[in-house]
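There are 2 protein chains.
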Amino acid sequence: MGLDQSRSREITTDLYELTMAASYFDEGMFAPAIFSLFVRQYPPNRSYFVCAGLDDLLDYLEFFHFQPDDLEYLERTALFSSKFLAFLERLRFTGSVRAIREGRIFFSTEPLLEITAPLIEAQLVETFVINAMNFPCLIATKASRCLQAAGDRRLVDFSLRRTQGIDAGLKVARASYIGGFVGTSNVLAGKLYGLPIYGTMAHSYVESFPQEIDAFRAFARSFPKNTVLLIDTYDTVAGARKAVTVAHEMRTAGHALLAVRLDSGDLVHLSREVREILDGAGFSQVTIFASGGLDEFEIQEILAAGARIDAFGVGTKLGVSADAPYLDSAYKMVEYAGRPVLKLSSGKISLAGIKQVFRVSDDRGLLQRDLIGLHDEVVSEAEPLFHLVMKDGKRLFPSEPLDLIRQRFLQEFARLPATYKALRRAEKYPVEITPRLQTLQDQVTSEIRKKELGGS
Amino acid sequence: MGLDQSRSREITTDLYELTMAASYFDEGMFAPAIFSLFVRQYPPNRSYFVCAGLDDLLDYLEFFHFQPDDLEYLERTALFSSKFLAFLERLRFTGSVRAIREGRIFFSTEPLLEITAPLIEAQLVETFVINAMNFPCLIATKASRCLQAAGDRRLVDFSLRRTQGIDAGLKVARASYIGGFVGTSNVLAGKLYGLPIYGTMAHSYVESFPQEIDAFRAFARSFPKNTVLLIDTYDTVAGARKAVTVAHEMRTAGHALLAVRLDSGDLVHLSREVREILDGAGFSQVTIFASGGLDEFEIQEILAAGARIDAFGVGTKLGVSADAPYLDSAYKMVEYAGRPVLKLSSGKISLAGIKQVFRVSDDRGLLQRDLIGLHDEVVSEAEPLFHLVMKDGKRLFPSEPLDLIRQRFLQEFARLPATYKALRRAEKYPVEITPRLQTLQDQVTSEIRKKELGGS
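So the sequence lines, in the order shown, correspond to chains A and B. When you read off a place in the first sequence, starting at 1, and then add 33, the result is the number in this note's numbering. When you read off a place in the second sequence, starting at 1, and then add 33, the result is the number in this note's numbering.
Keep in mind that the hints were calculated from the coordinates and are not lab data.
Heads up, the list lumps identical chains together, so a pair's fine if it works in one copy or across two of them.
Distance condition first, Cα-Cα at most 25 angstroms in a straight line; then the derived PhoX-like pairs of lysine-lysine:
#, residue 1, residue 2
1, Lys224, Lys258
2, Lys116, Lys224
3, Lys258, Lys116
Chain A on its own, in the form it takes in the complex:
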């Protein structure tokens, strides 16, 4: 559904995926492999993640095939044999995917999806898998933190101009909606994802009229049912008084001013003053919309200081997840040809074996702890989070409606105890490894040490 999800996705990859594949092909290594996607550790001030991005990923896997001009490019690199290129031409993704559903909460170290496929297929998709999941999860998480700070006030994604490219802008709009936002300023995202779109005027609009009040009146003429006035171009308080004048004129004409927007200055002080001006003039139903460099920390702070704001436009700092602009995600092989594997590189240890994540809730439904276990374990009174979503390269379910995913998130977020949702210094949610999985780790680690390091 995203932008250009159909072109050259197969070579949207790191070269090493292709060189490894070529070697596997030469060596006849076609046995099934299992890869696991997880986030190694929390970035600063994060204590949970929100799953997003799976729909794009499944679309990519289902339609995976190298296109002729991409194969011609690979041929021109002179790195690959014609036999291997002929193999790539026929290659489709025939594997299966087990995954946590979009909108679910997950925690560091636990897998959010596992892919089982012939080695070359499972390896070739690595770069795209990480890219497709990493950023949406990052943004849905950031959005949920804004929601946590804003309480019942509405949040709108305003980030497109400063997202890291256009694809990022679309991903932010979709993922922030999953994470509790009510819509976006991004028109293309509105079209592609059916999201509510928001927007009124910029400072340049006000400046292009001889006087500020001319701009307000013109906008009310063109959009009488949808008038939100930006009042801080020259002076916010003076702007609020002009908005009141226009609100009176609109009322006389049978319309109503919806809101005013503040985009700069001391939002606590200004919002209170503007609220008084509006209320004093009999316009208490006119809401106050704030924007300008906001994030969850700022929203929490200004509300705590008594700001009178009804809705927030959150831009750049949401759109790049400014305080934590990436997740330390990894897609690691955990089994090849029936043999569990892991790596021992310092600080980057992975969990061998095909796995399941189990979630234990208390009797009020509050999340208590998760367990990472082996795929075929049964953990009583725990919910298994992995579902088989793709088999033999085919999706087992159609794309889920975004509103369903968003509701799934909101319901589970309400079940996550507040202590794990603090914006700073949140408690660490308990994630345990089952005894059977631990035994497997110990066994594989010791075998590798024996084999590669002479038993040390």
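Got chain A; can you put chain B on it based on the hints?
Same frame as chain A, now just chain B:
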């Protein structure tokens, strides 16, 4: 040239651009406007910027026209009149663009481009203009800092898996090349931009063989002319010894091991130990390639501590510009219908009038200071940085070859004194405003205060 630069770009925009345009249309406001793009202030640890992204932007402007299904979507929103939608259908970008060339260095507050066009056209392109320039400039700048840290060691972009989407991955590959990198792991970027591509193997490759040395041998068989061995999957030092074994075997077969790669652990200590092992075995021509969580700070630090590394793969922290993930860029109207304008919003003041940037160098060619002046000023012995690159909606020059842009950057970067290139606490490069431009600011500000604030 980028990914999907041809689809729905016109609605890759904030909704308010369209609501403002609709109101301008209703009001008959078709006079020319001038907008100026600039970065308000430096992010932490930045002291200059590198210009990138213009080529994509000019492509967007030249082919600007609303597509039928996008217009249908706009109609379904029920926000716009059919007259306005018919106007949009015919709309093309007919304006001109003056800009600093890609690869040039620029500084905060000075414009990097100005667009002159009928108001609606100049306004509608705002979101895309900022999005197209902001991120490439951010990344070219980050790349140049890595170059500053790495000296004459080679740098390769490894970021694709964790860039904020796919478009971001392409933009990172292109912009980091401009900023001095030698290539990328991103295969699609290789195809689209003609960039050198790099890559060999991941840890999973090593793990899928019964033993590490089997993996090394297999890779050398498939890529005898291009063998780089990843040696840290289990134990870096043990891996280096196995690499030596394979290097001997390759030599016997008439080939040569190119390099080994370290991706984890203490790179200072390990690179020295690995260098000794290689040198001791007679393989001093085998280079050491390092990756894993690197950025300019880490590269500077480990080289200062004596790491023996010949080339770096720089990934995530380059790809999202992790320490400064956005620029505070703004696209502001500076003149409408011949009347200079600006806004007075707290902390967000813009410079009215149509401008030029002048660069003064000393007699050795070192950059000394910049002046922001009016378009028609003459500043003696200063180079004007703005060039007219688009007129009447048509590009005046074809796309520039990337290598030319990269050379332009490297040459000017060498002329920027070291004191402005320090990774931390760099000196602030002097940017002044000419007396004529200052007079205009004072005049416009005082007029606005009189008009909007009752002369206060």
